[in-house]
Amino acid sequence: MDNTGFAGNEGTGVRSDARVSIQLLKSGGIQIDLKSKVKTLFGKQIIRLAEEIIHFFDIQHARMDIVDAGALDFVLAARMEAAIKQVVSSEKEFLLPQPEENKNGTLKDKFRFSRLYLPGNSPKLMINAGIHQPNGLILDLEDAVAPDKKYEARFLVRNALRSLRFNGAERMVRINQGEAGLKDLDFVVPHHVNLILIPKCESAEDVITVNERIQQLRKQHQTEHQVWLMPIIESALGVIKAYEIASACEQVAALAIGLEDYTADLGTQRTNEGNESFFARSMVVNSAKAAHIQAIDSVFSDVSDMEALAENVKRSKNLGFDGMGCIHPRQIKVIHENFAPEPKEIEKARKIVEAFEIAQKEGLGVVSLGSKMIDPPVVKRAMRTVELAKSMGKI
Amino acid sequence: MKKYDKLVTNAAGRKVPTIINGEEHIPFKGVGKYKPSGRKHATSIASCVDYPEDGNKVIPDLKEALIKAGLKDEMTISTHHHFRNGDLIANQIFDIAHELGIKNLRWFPSASFPCHEHLIPYLEDGTIHHIEGSMNGALGKYCSQGKMDGLGILRSHGGRYQAVQDGEVKIDIAVIGAPTADPFGNANGVNGEAACGLLGFALADSEYAEKVIVVTDNLVPFPAIPWQIQGNYVDYVVKVDKVGIPEKIISGTTQITKSPDRLLIAEMTAQFCEATGLIYDGFSYQAGAGGTSLSIGIYFSEILKKNNWKARFIRAGSNKYPVQMLEEGLADYILDGQTFDLDGVRSMRENPNHVWTSPFTSYNYHGKGNFASMVDVVILGATEVDINFNANVVTHSDGYLLHGIGGWQNTLFGKTTILPIPLFRDRIPVIRDEVTTLCAPGEMIDVIVTERGIAINPLRADLIEKAKESGLPVKTIQELKEEAEFICGVPEKPKLGDEIVAVIKWVDGTVLDSVYKVLE
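As they're listed, the protein sequences go chains A and B. Note that this note's numbering has the first sequence beginning at 956, numbered continuously upward. Note that this note's numbering has the second sequence beginning at 550, numbered continuously upward.
Bear in mind the hints are in silico, worked out from the structure with no lab data behind them. The reader is advised that the hints may include incorrect statements.
[Said to hold, decoys possible] Below, computed lysine-lysine pairings styled on DSS-like, alpha-carbon distance capped at 30 Å:
#1 B:K696 / A:K994
#2 B:K788 / B:K617
#3 B:K1044 / B:K696
#4 B:K964 / B:K582
#5 B:K696 / A:K999
#6 B:K855 / A:K1349
#7 A:K1303 / A:K1335
#8 B:K1024 / A:K1065
#9 A:K1174 / A:K1079
#10 B:K788 / A:K1349
#11 B:K807 / A:K1079
#12 A:K1299 / B:K788
#13 A:K1104 / A:K994
#14 A:K1288 / B:K859
With the rest of the complex left out, here is chain A (with noise of 0.2 Å):
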């Protein structure tokens, strides 16, 4: 082990992060050198949780120095315990209690139109990212994570998926590939996390290796709620294989589509039209399809251009996409309003729905509307089409 480690970022253009070093000494106690924007009014309090953590690893002798811009107390608490486990070996957490809000489950075909990605390094882009109400939060520990940073990110995105408020939203992971990712999910499957991305998906045992070790994490911690899976096809080889993967557990609850490393690997260009995914973005609808879950659209990069967005948002939907990504809040409310039912759409539903509703009352075996009939998949679906309406204020 080192003596001296140290995590986060500093300098202009960073807030709401800090910058935490710390070195062991030989003796003369605990230092704290602290330089914060707001150390008149959180001064004291940031010394005495860099006491408390110091505290909690057992250390006698050390030299912590802390750079604040205005850090909430989750994130400067993850930068010292991220600067700390380089100098100390130790299997212990530090956590901050995590609220009642944080800790419940979702259901497996819960709506997943929008889910905004995140970075996992990147605290200032967390904070308010529930108030723009997307269907999940992804807290990003692959690609948006420069790789001498993922060390740090883990425990940053651990703190974040107990403190952060998620205002309703689905608290996502990705995690890394591989062995990388498998270690991630160590830091959050014992703290409530919802869903799961798995990257660059190529065969079931992608999935089911990765959902072996949260069924072993979750007994070990014995969490209550389920953990759903997402996969996202990336490459050639992945959409040949998408139905295998989209029915490798009963866990996957959405098989997503990542066009830009998919487009990469077929050695074309992505264009707003898409043509060059279609067959993609077909195989992965049909093959979340036939295996009862949703199919999820890969994110829109312009994030300048809503327009487009909108237009990109209705073939997808027309496709047989449930939902996309997202990388920018402003994308939610185009994505929202153009996955949402429109009025012809939900007034058909609602005479399904009715004409169900009668058929039970009188105890016939069969709905009809008018002289049609009509199967119970198209009941189900009227269902799932009224309740979201009445979601989004449309009924």
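Following the hints, position chain B against chain A.
Only chain B this time, still in chain A's reference frame:
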């Protein structure tokens, strides 16, 4: 001379001095309660026979003009902030005063900017005794640390006009920087290299100062049209190479915000105004030049367009966005108090419906009415608001002077005042138990819009009722405060001493609150 003396508790419950820099001041009595009687202050009688018949008042340089104007110890020198951070005049005046060995001047700017940090050595060596005007940045810090010889006095733009009219501040020499002037002293802000729009902040000074010097870098033959400042009030005209740095004159935020959080606040503000019927065909509003305010303007124009409505007038701080609304026919008039970009300057120069105003027309307490109270919706910022809706705009939560009052207090008299503000900034909650410095009594603030909910002043039962069916997240201010503290933690109180370093005036000239020394 003591900086201050005879503390009393005013009607807002704040402890304030009644003797400030040796002069008597009246404590705040309540909104609309103080109405002085008697006659306004006036300058000494001048006679035209004492001025050149050919109208040529040009003096070779500023130093000579100041000497001719009788510059001496303890005088009050006024300047104006229409060049904002690109001002080159104020610093020169005190360079000259320092060179002449003059002491204990009172500087009476309409606002100060970071470029005036240059004056700190003159505060230290006694050239300047104290500042009556906004103090930001380094000057704010200097004052907050209790280093100024006298007590600072902060006034609103309207309050500054009132103080001049009341003779509370007798200006000995006013120096007016002008983008264009003629030798007689007529001046305007719409033409010239340093075009800044209008010169309204200097209007009171031109009328009430004993001596008036106009400084310009664009001297044109008589007449300089339009004459926003009339040469009939002017004693001397000085031609210099440069009055201001054009790229720094245009220093206001001229872009709409890109921050999704601020856009959300802007959108919620517009939705609130729409849902509660505050926007209607022929309505009027005032919004500043900050990123959030500009975005609210964009949302307002969408609502107007959708309904085929237009605004009767926009009160501004103008820049390209209100100008665009004017040009697209979404507003009949812009009544402009200061201009923040070149589109604003161009529009004011070319469009008769883009009208320059002054603190007299807009805010004057001793006018027979003013525009402020006619505006339907006023959008303002604040550094802090407390659970009684009292608001602070001058000090940061750590106690340091940070902003001037500007027109902020004056515009509060609009029909509905809305503060769109983030619930916390860098972990510091905006809603507090008690504001550090009181700049607006709670009865003046109607609505607070944050990204996490909207709080309506209980005094506005009408708005509370109308917002019920809006689907907007209306909460109590207490709930918002608790939410901020849940996220950020409960902040400590700033470390302030007992010593007062500045006072905040209300629009009527009474003393509303004291600003205390910050202890390190």
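Each hint, compared with the structure:
{"no.": "1", "hint": "B:K696 / A:K994", "result": "22 Å, holds"}
{"no.": "2", "hint": "B:K788 / B:K617", "result": "16 Å, holds"}
{"no.": "3", "hint": "B:K1044 / B:K696", "result": "17 Å, holds"}
{"no.": "4", "hint": "B:K964 / B:K582", "result": "19 Å, holds"}
{"no.": "5", "hint": "B:K696 / A:K999", "result": "27 Å, holds"}
{"no.": "6", "hint": "B:K855 / A:K1349", "result": "21 Å, holds"}
{"no.": "7", "hint": "A:K1303 / A:K1335", "result": "13 Å, holds"}
{"no.": "8", "hint": "B:K1024 / A:K1065", "result": "28 Å, holds"}
{"no.": "9", "hint": "A:K1174 / A:K1079", "result": "34 Å, violated"}
{"no.": "10", "hint": "B:K788 / A:K1349", "result": "67 Å, violated"}
{"no.": "11", "hint": "B:K807 / A:K1079", "result": "15 Å, holds"}
{"no.": "12", "hint": "A:K1299 / B:K788", "result": "73 Å, violated"}
{"no.": "13", "hint": "A:K1104 / A:K994", "result": "26 Å, holds"}
{"no.": "14", "hint": "A:K1288 / B:K859", "result": "27 Å, holds"}
Taken one by one, the earlier hints fail for this structure at numbers 9, 10 and 12, listed in ascending order.
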